[in-house]
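**Student:** Take these sequences, add in the hints, and give me the full structure.
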Amino acid sequence: IIVRGYMKPISTLMKGLNTIDISTKEAVKAAKERSDVCAVPAAGVVGEAMAAITIANTLLEKFGGDSISEIKNNHKAYLDGLKVK
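Counting in my numbering, the sequence shown runs from 168 upward without gaps.
Don't read these hints as lab results, they were simulated from the structure. It cannot be assumed that every hint is accurate.
What the hints assert, rightly or not - Below are the EDC-like pairs computed for lysine to aspartate or glutamate, each with C-alpha atoms no more than 20 Å apart in a straight line: (1) 229 to 247; (2) 239 to 228; (3) 182 to 193.
**Tutor:** Have a look at this one:
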């Protein structure tokens with residue numbers, strides 16, 4: 168399985184937005200955010216999860232079933248059908 172992932176660059180925040188300081192509960196301005204930070208490690212986690220969901224959906228589409236045992240039986244029958252006799 169080959170997966171290619173893409174993501175857009177993180178936006179640069181040139182001026183701080185209004186936010187709340189959690190410890191003081193007072194309104195403050197958020198810090199300026201640079202766009203040159205690397206989000207690839209976090210994107211990799213999200214990409215891996217999405218690939219797992221997509222593969223699981225495809226497995227259910229092919230082998231269907233209301234239980235794990237039914238999926239296993241359908242998968243075994245599929246593999247048995249591939250064997251040359």
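**Student:** Of the numbered hints stated earlier in the document, which are not met by this structure?
**Tutor:** none
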